[in-house]
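Each protein sequence line maps, in turn, to chains A and B.
Numbering (our numbering) for the first sequence: 6 to 280.
Numbering (our numbering) for the second sequence: 6 to 280.
Honestly, the hints are just simulated from the structure, not real lab data.
Where hints are given, some of them may not hold.
Listed next, the stretches of chain B that the computed footprint assigns to chain A, with coverage defined by at least 3 CB atoms under 8 Å from CB atoms of chain A [what the hints assert, rightly or not]:
#1 138-144
#2 242-253
Just a few of them, taken from the derived set where beta-carbon distance is under 7 Å, the chain A residues facing chain B [what the hints assert, rightly or not]:
#3 P68
#4 S71
#5 G75
#6 A78
#7 N80
#8 D83
#9 R106
#10 V110
#11 V111
#12 L116
#13 I119
#14 D120
#15 E168
#16 F270
#17 K271
Cβ coordinates follow ideal geometry from the N, Cα and C atoms, glycine included.
The lines below spell out each chain.
Protein chains: 2
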Amino acid sequence: MAMARMLLLVAMALVGSCSAWELKIQMPTKRLQAIDEAVAPLIHALRPLLGSGGELGSRGGVPCDSWVLGVEAHNVRDWKTVPAKCEGYVGHYMLGNHYRRDSKVVIDEALAYIDTLKLSGNGKEIWVFDIDETTLSNLPYYAKNGFGTRPYNATSFNAYVLEGSAPVLPETKRLYKKLLSVGVKPFFLTGRTEDQRAITVANLHSQGISGWMDLKLKQPGFKGSAVAYKSGERQKLQDAGYIIVGNIGDQWSDILGAPEGARTFKLPDPIYYIG
Amino acid sequence: MAMARMLLLVAMALVGSCSAWELKIQMPTKRLQAIDEAVAPLIHALRPLLGSGGELGSRGGVPCDSWVLGVEAHNVRDWKTVPAKCEGYVGHYMLGNHYRRDSKVVIDEALAYIDTLKLSGNGKEIWVFDIDETTLSNLPYYAKNGFGTRPYNATSFNAYVLEGSAPVLPETKRLYKKLLSVGVKPFFLTGRTEDQRAITVANLHSQGISGWMDLKLKQPGFKGSAVAYKSGERQKLQDAGYIIVGNIGDQWSDILGAPEGARTFKLPDPIYYIG
């Protein structure tokens, strides 16, 4: 009897979750309300964990958590889309507390590193920030577009960027403010293009990010890899006498290629890969 | 009644696990019997998951799974010991199927990469392998010594190495055999010292690893970092006309520093850090 009742409750819970998914009802849970308001609007209802996106991800084939680790440690490269069966795993990772927790460890390391620096305070010390999935989050877009399981759609993604509504990543904001407070100048280096400058600046400002030294966007007609573009720009900074004390991005192409910066930080991003 | 019986069973299971831990009883479970015999002798009974090493690790402080990700993505550096509260998490990770699953994704990527190579077959193509935690596993030692939570003890660790009993890591063995079959020569480059050559060769042979091109151990009196040592040796190989088509290790210091090799692979190791 007790067992029958328990099964009924489980079944009711499942039905409830499935309906929420189909109807795209968005409702914050009690636990998520504790997270900064900045990320609260990102909450979406997802398929229940008992579906294809269990704790360990797929049954059979590549386990989704091992795949994500492979991506983060730069073993899995040049992938075009998240494995279809990992949509649930990646969705729960990004929308639940896991992504935030993993990001916090990265930022805590960065803050501890800053505390060890003997800064000259001469204004030449800079920190390079990527923008997408490093400073601003495009999760509201990806949550509606399969969490990276669908091929990149430049049209719809650029339409989202032009809304200028991307929320700041709260852990990165913590790093940003710390750097300003100790006199290290933030420098944005992004794969966004020059024509997106105005909306990008407006988006950053609206999220409480300001006071950067410069914002470098990709110029029209640039051909070459992300590594070539970004390391080339860092070289120019170094040649101009700047000291890159830190460099943070969500892609390995943000932080590979000399000069990398005195110390690099890789934020999690299991949604897309830029080589 | 059903609930009371269930609680009794849970309590019995917990008591059973605790006793097994204290008595150091080693017994393979049904699931683990399915894994290669090579790793079966490594099974140890651990504290039950309800203790300090839950699925996500510690309550309060740094979450153990996020800490491990930070280590693997090279955000967490220069650490001396695993956080004490993560002993349970790391122990379960290493002894359960998780470590193996994560390693398999790395090796699957390496095998897929090899299939894309156009090999010349001129005998100059090599693959650099680290030994400890890359080819041979010291898990039998670490399982008895706190899974990296205790400071490195050179005396007891070297005594373990001199037993020559370290099991091969089955995923790496798969890569090793594939390379031999396609004519790429394995080259061992290890932080083990020259005086450990005989036992290292014997240990590798006893585990079915043979046919390597060369085995380079650290020479007496070498001063310098692991990165300086290993990249210096790779430079010598390149200067001698060898092409390093791949390089695999468990430490970032195995794979950083030019020339890195055409492609690098980072196996998991949440137990120790070599800078």
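Hints not upheld, ascending by number: 1, 2, 8, 12, 13, 14 and 15
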